[in-house]
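The hints should help you fit chains W and G onto chain L, whose structure is shown.
As you go down the protein sequences, you meet chains L, W and G in turn. The first sequence runs 1 to 281 under my numbering. The second sequence runs 1001 to 1418 under my numbering. The third sequence runs 2001 to 2156 under my numbering.
Check before you lean on any hint, since a few could be wrong.
[As the list claims (entries may be wrong)] Calculated pairs, EDC-like style, for lysine to aspartate or glutamate (alpha carbon to alpha carbon, straight line, at most 16 Å):
{"hint": "1", "chain 1": "G", "residue 1": "LYS2057", "chain 2": "L", "residue 2": "GLU71"}
{"hint": "2", "chain 1": "L", "residue 1": "LYS110", "chain 2": "L", "residue 2": "ASP143"}
{"hint": "3", "chain 1": "L", "residue 1": "LYS110", "chain 2": "G", "residue 2": "ASP2132"}
{"hint": "4", "chain 1": "W", "residue 1": "LYS1236", "chain 2": "W", "residue 2": "GLU1254"}
{"hint": "5", "chain 1": "W", "residue 1": "LYS1294", "chain 2": "L", "residue 2": "GLU264"}
{"hint": "6", "chain 1": "G", "residue 1": "LYS2055", "chain 2": "L", "residue 2": "GLU71"}
{"hint": "7", "chain 1": "G", "residue 1": "LYS2077", "chain 2": "G", "residue 2": "ASP2134"}
{"hint": "8", "chain 1": "W", "residue 1": "LYS1256", "chain 2": "W", "residue 2": "ASP1297"}
{"hint": "9", "chain 1": "L", "residue 1": "LYS90", "chain 2": "L", "residue 2": "ASP140"}
{"hint": "10", "chain 1": "W", "residue 1": "LYS1268", "chain 2": "W", "residue 2": "ASP1297"}
{"hint": "11", "chain 1": "L", "residue 1": "LYS100", "chain 2": "W", "residue 2": "GLU1012"}
{"hint": "12", "chain 1": "L", "residue 1": "LYS146", "chain 2": "L", "residue 2": "ASP277"}
{"hint": "13", "chain 1": "L", "residue 1": "LYS243", "chain 2": "L", "residue 2": "ASP176"}
{"hint": "14", "chain 1": "W", "residue 1": "LYS1132", "chain 2": "W", "residue 2": "ASP1159"}
{"hint": "15", "chain 1": "L", "residue 1": "LYS146", "chain 2": "L", "residue 2": "ASP91"}
{"hint": "16", "chain 1": "L", "residue 1": "LYS100", "chain 2": "W", "residue 2": "GLU1163"}
{"hint": "17", "chain 1": "G", "residue 1": "LYS2057", "chain 2": "G", "residue 2": "ASP2098"}
{"hint": "18", "chain 1": "L", "residue 1": "LYS225", "chain 2": "L", "residue 2": "ASP247"}
{"hint": "19", "chain 1": "L", "residue 1": "LYS278", "chain 2": "L", "residue 2": "GLU264"}
{"hint": "20", "chain 1": "L", "residue 1": "LYS262", "chain 2": "L", "residue 2": "ASP247"}
{"hint": "21", "chain 1": "L", "residue 1": "LYS135", "chain 2": "W", "residue 2": "ASP1297"}
{"hint": "22", "chain 1": "W", "residue 1": "LYS1407", "chain 2": "W", "residue 2": "GLU1012"}
{"hint": "23", "chain 1": "G", "residue 1": "LYS2061", "chain 2": "G", "residue 2": "ASP2073"}
{"hint": "24", "chain 1": "L", "residue 1": "LYS222", "chain 2": "G", "residue 2": "ASP2098"}
{"hint": "25", "chain 1": "L", "residue 1": "LYS93", "chain 2": "L", "residue 2": "ASP277"}
{"hint": "26", "chain 1": "L", "residue 1": "LYS93", "chain 2": "W", "residue 2": "ASP1297"}
{"hint": "27", "chain 1": "L", "residue 1": "LYS225", "chain 2": "G", "residue 2": "ASP2134"}
{"hint": "28", "chain 1": "W", "residue 1": "LYS1198", "chain 2": "L", "residue 2": "ASP176"}
{"hint": "29", "chain 1": "L", "residue 1": "LYS110", "chain 2": "L", "residue 2": "GLU71"}
{"hint": "30", "chain 1": "L", "residue 1": "LYS222", "chain 2": "G", "residue 2": "ASP2132"}
{"hint": "31", "chain 1": "L", "residue 1": "LYS222", "chain 2": "L", "residue 2": "ASP277"}
{"hint": "32", "chain 1": "L", "residue 1": "LYS110", "chain 2": "L", "residue 2": "GLU134"}
{"hint": "33", "chain 1": "L", "residue 1": "LYS110", "chain 2": "L", "residue 2": "ASP75"}
{"hint": "34", "chain 1": "G", "residue 1": "LYS2052", "chain 2": "L", "residue 2": "ASP176"}
{"hint": "35", "chain 1": "G", "residue 1": "LYS2065", "chain 2": "G", "residue 2": "ASP2094"}
{"hint": "36", "chain 1": "G", "residue 1": "LYS2052", "chain 2": "L", "residue 2": "GLU71"}
{"hint": "37", "chain 1": "W", "residue 1": "LYS1124", "chain 2": "W", "residue 2": "GLU1162"}
{"hint": "38", "chain 1": "W", "residue 1": "LYS1294", "chain 2": "L", "residue 2": "GLU134"}
{"hint": "39", "chain 1": "L", "residue 1": "LYS110", "chain 2": "G", "residue 2": "ASP2134"}
Keep in mind that the hints were calculated from the coordinates and are not lab data.
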Amino acid sequence: MITRRDFLKKSVITAAGVALPLAAFEVLDPKKLMAQEAADTKNGTRWAFVVDTYKCVGCGLCVKACKLENEVPYDTSVTRTWVERYVITKDGKTHADTPKGGRDGFTTSKISLGMSEEAAPKDMMAKPETKPTEKFEDIDPNDITKAFFVPKLCNQCDNPPCVQVCPVGATYQTPDGVVLVDRTWCIGCGYCIMGCPYGVRFFHPVYHTAEKCTFCYHRITKGLKTACVQACPFGARQIGNLKDPNDPVTKIIMTERVSVLKAEYGTKPQVFYIGLDKEVR
Amino acid sequence: MLAHGELWTVKELFVYPNEFIYWSIQIVMYPFMTGLVAGAFVLSSLYHVFGIKQLKDMARFALVFSFALLPIAPLPILLHLQSPFRGINVMMTPHFTSAIAAFGIVFFSYGAIVASEIWFLYRKHIVDSALKLREKKDKTLVDQFWYLIFCTLTLGSYDVSEEALHTDEKIVKILAGVGIPVACFLHGYAGFIFGSVKANALWMTPLMPVIFIMSAIVSGIALCMLTYILTMEIKKFLAHRKKAALGVFHSEAEIKGVEFHVIQMTAKYLIVFMIAAISLELLDMIFRGYTALKSWDVIRSVIYGRDFNDIFILQYGIGNLLPFIMFLMPGLTIRRTVVGTILVLFGVFMMRWNVVIGGQAFSLSFAGYMHYHMPIIPTDWETFKEGLFGAVSVGIAPFVLFWFVNKIFPVFIEAPSE
Amino acid sequence: MKNHALRPLFVVIGIIVLILLFRIVYVPKDFGIGERGYMYGWHRHSNEQDWKNFKVKYQGKEYCKDCHSDKYDSINKTPHKIIQCENCHGPAIDHPSDPPKLTIDRSRALCLRCHYPLPYPTSGRANIKSIDPDKHNPGMECVTCHNPHNPMEGLR
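Excised from the complex, chain L in its bound form (with noise of 0.2 Å):
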């Protein structure tokens, strides 16, 4: 039979005995846990972006200069910060590409198709020689209902899936809510690119390791604006502070109507726009 005094007694070694390995590893505290809330209310940065669609005519200026800032090599096709072109046409079909992420702009009317899968090996054994070219499509100007540019970048989530898949701690974000990398302990595994919804992150072609849109980290914090920001000749991209209710970025957000991308994976982006249509990806 077990008496009151046993049981407590038998309670008090085992939670004892699960404790102390977690305390070898030093890494859930509670009260480190806890002190985030309390962080929240203290710091005065929360980083946001703005981006007005209809502002936006695609010349892919800020592409550009976000790869050169950032050293994403520039001949590459993965990119920091990308632009979408959508064309809507009257039978209710959406064409949409986005050549280079946009980097040269979009100097031609046709839409992008990729690789046609008709020209495409069947089966996986085919060698990669055999690639098919890119197909184009022409769309008639007459038939196009609605058209639009959607420039693209991390959204810097409230609640990062990037962040929480990572299994070593090299991707976090910091109290002013940027997401980063830290490139001398990322392993490289892909679950960060795999989780991330919408598509921001790859591995850096030199580094090897996760790479994504960092705000421009190195110039929001000295007071600058972001290299896209700047190189944008038509401010269809903002960047500012949300806890400052004065900043330009904070007004829009609380006096315009503004969606965000993807809300169904309860990300929480901190990246709005304006004038998003159904037909955005």
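What follows is chains W and G alone, placed relative to chain L:
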């Protein structure tokens, strides 16, 4: 300069610029290999824990084989990592909100359990071998080497009294029991890695870990049967040539009898787990179609269109239905079993393929597709490790290792039929 | 009996101790939980500073103003005033010390980024004056005739 993944990805229609098949053949191999580890262990535990006597010979074999597979399980991950030398970070600064972070700890605990179980199971053999070598005069260098190994393996305990061996038996039973949930966790969490990715419409289902465990046991049993038959056939062949090779067996016919009996028993368990695995997979697919969420349009076009051959012909047809019929037909023969188990292994591999590659066959935009062209001829390190040769190397490695492990822990040490 | 039964356990404990000892040496001292908690803030703290130290390359229009005041003033009187100098001249970095000379993009493709005709309703693009590059002096650089710093002044 190509971005990682660009080499083997062909994009069609509207795909985001950074999307590629980032998880390729090695990530197909990874759940396949851990599945074999977990499956082999569960099979061995059926005997040790539930006392299914008919599986006795298979149990010992499965356990040693599971041990040989164990060091290979993380190999595909290491080959897949972009910075493999930092792989140790997973154990150094684990971030437990990530499914992958559990790997270090689960893998280590599982390894410790399997190694301990083998140690207790083989303790008598280790002590006997060490003592035999100690008494041997004029030890050659090879003898010295083995002596050193066995001496280390005794961990300083030479107690092989009746009482001590009885304790060993009890501990083996406990370890086998503890091992089952850990083995299931080791593989179930591999399913969790995929099932928890909310960004991927094909992967995200709570059924994923269970589906992975069931198919893991199926593949583990099938591989054990196959390897068991192969070793027995080799024994038969050697026995045919000279009597000395018989070892613990008395005649060629005896080997055949034992072999057939074991295979018949194991096949029954294979069928049970196959039914469970397929039911769950079908349930998942029916639910996707019935609930038809936003992603269903693109998933349907992948499942019933682009990947139809891979899923319905190769995986369900050749990999599941055909072996299922073969095992159920009366008058099971060894030859039919060999073909059946190979097909089952192929089916499970295709299931992994269709999950990993199929999950990346469509864009996050739901408006484009990606095709995977596995590199065949390696031109550099990357096309080697992320190509056919890397996958084949991972597939062969456990058999090479098994050959070595079998030298220390011989699988056929006792007479199987007493 | 108890003599041998616990030995594998000791081996396991030994390995765990070794791993934990190695961990002390291997993991940077400032690795820990940040302000965003364990889920979102588990990282090496000095990495934030590493990113802050990243080199700024695009300096902005005002950086050019003092030395190139003529160009700065002239473009500011035209519709092209919205365009940053560095969009065509390339990032200044530490110009004039490094690099002493910037690479100017004079290509036709650069101008076409905005001036290629795309009649897209609901997009700002529809309001920009454009030319058909296949018919409008194909093969020639736009700057041969047009002054980008003063596009309204008429042909050169």
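These are the hints, each one checked on the structure:
Taking the CA atoms of G:LYS2057 and L:GLU71, the gap is about 10 Å. The hint holds against a cut of 16 Å. Annotation: proposed proximity of L:LYS110 to L:ASP143 holds, straight-line Cα distance about 13 Å (limit 16 Å). With a C-alpha separation of about 14 Å, the suggested pair L:LYS110 and G:ASP2132 falls inside the 16 Å cut-off, and the hint holds. Taken as a hint, the W:LYS1236 and W:GLU1254 pair is honoured in the structure, with Cα atoms around 9 Å apart against an allowance of 16 Å.
Among the hinted pairs, W:LYS1294 with L:GLU264 is consistent with the structure: their alpha-carbon atoms are about 11 Å apart, no more than 16 Å. For the hint pairing G:LYS2055 with L:GLU71, the CA-to-CA distance comes to about 10 Å; that is within 16 Å, so the pair holds. Of the pairs offered as hints, the one joining G:LYS2077 and G:ASP2134 is violated, with about 30 Å between alpha carbons and a cut-off of 16 Å exceeded. A threshold of 16 Å between alpha carbons decides the hint, and for W:LYS1256 with W:ASP1297 the separation of about 53 Å lies outside it, so the pair is violated.
For the given pair, L:LYS90 sits about 10 Å from L:ASP140 by alpha-carbon distance, which is consistent with the 16 Å threshold. Restraint check for W:LYS1268 and W:ASP1297: the C-alpha separation of about 39 Å exceeds 16 Å, so the hint is violated. Taken as a hint, the L:LYS100 and W:GLU1012 pair is honoured in the structure, with Cα atoms around 14 Å apart against an allowance of 16 Å. For a cut-off of 16 Å, the pair hint linking L:LYS146 to L:ASP277 stands: about 10 Å separates their Cα positions.
Taking the CA atoms of L:LYS243 and L:ASP176, the gap is near 10 Å; set against the 16 Å cutoff, the hint holds. Restraint check for W:LYS1132 and W:ASP1159: satisfied, since their Cα atoms lie roughly 15 Å apart, inside the 16 Å limit. Proposed proximity of L:LYS146 and L:ASP91 is supported: the alpha carbons are some 12 Å apart, at most 16 Å. Taken as a hint, the L:LYS100 and W:GLU1163 pair is broken in the structure, with Cα atoms around 74 Å apart against an allowance of 16 Å.
In summary, the hint linking G:LYS2057 to G:ASP2098 is supported, as the alpha carbons are separated by about 11 Å, within the 16 Å threshold. This hinted pair checks out: L:LYS225 and L:ASP247 have alpha carbons roughly 13 Å apart, not beyond 16 Å. Proposed proximity of L:LYS278 and L:GLU264 is supported: the alpha carbons are some 13 Å apart, at most 16 Å. A C-alpha spacing of about 25 Å is found between L:LYS262 and L:ASP247, which places the hinted pair above 16 Å, so the restraint is violated.
Simply put, L:LYS135 and W:ASP1297 have alpha-carbon atoms about 23 Å apart, too far for the 16 Å limit, and the pair is violated. As the CA atoms of W:LYS1407 and W:GLU1012 are separated by approximately 52 Å, the hinted pair breaks the 16 Å bound. Taking the CA atoms of G:LYS2061 and G:ASP2073, the gap is near 11 Å; set against the 16 Å cutoff, the hint holds. Taken as a hint, the L:LYS222 and G:ASP2098 pair is broken in the structure, with Cα atoms around 21 Å apart against an allowance of 16 Å.
The straight-line distance between the Cα atoms of L:LYS93 and L:ASP277 is roughly 13 Å, inside the 16 Å bound, and the hint therefore holds. Proposed proximity of L:LYS93 and W:ASP1297 is supported: the alpha carbons are some 15 Å apart, at most 16 Å. Of the pairs offered as hints, the one joining L:LYS225 and G:ASP2134 is violated, with about 37 Å between alpha carbons and a cut-off of 16 Å exceeded. Note on W:LYS1198 and L:ASP176: the hinted pairing is violated, with a Cα-Cα distance of about 25 Å set against a maximum of 16 Å.
Note on L:LYS110 and L:GLU71: the hinted pairing is violated, with a Cα-Cα distance of about 30 Å set against a maximum of 16 Å. Restraint check for L:LYS222 and G:ASP2132: the C-alpha separation of about 42 Å exceeds 16 Å, so the hint is violated. At roughly 34 Å between alpha-carbon atoms, L:LYS222 and L:ASP277 are farther apart than 16 Å, so this suggested pair is violated. Simply put, L:LYS110 and L:GLU134 have alpha-carbon atoms about 12 Å apart, close enough for the 16 Å limit, and the pair holds.
Proximity of L:LYS110 to L:ASP75 is assessed by CA-CA distance (about 22 Å); at most 16 Å being required, the pair is judged violated. Simply put, G:LYS2052 and L:ASP176 have alpha-carbon atoms about 13 Å apart, close enough for the 16 Å limit, and the pair holds. In summary, the hint linking G:LYS2065 to G:ASP2094 is supported, as the alpha carbons are separated by about 15 Å, within the 16 Å threshold. The straight-line distance between the Cα atoms of G:LYS2052 and L:GLU71 is roughly 15 Å, inside the 16 Å bound, and the hint therefore holds.
At most 16 Å may separate the alpha-carbon atoms for a hinted pair to count; W:LYS1124 and W:GLU1162 meet this at roughly 10 Å. The straight-line distance between the Cα atoms of W:LYS1294 and L:GLU134 is roughly 28 Å, outside the 16 Å bound, and the hint therefore fails. Between L:LYS110 and G:ASP2134, the direct Cα distance comes to roughly 14 Å. Compliance with the 16 Å bound is thereby established for this hinted pair.
Of the numbered hints stated above, those contradicted by the structure are hints 7, 8, 10, 16, 20, 21, 22, 24, 27, 28, 29, 30, 31, 33 and 38, listed in ascending order.
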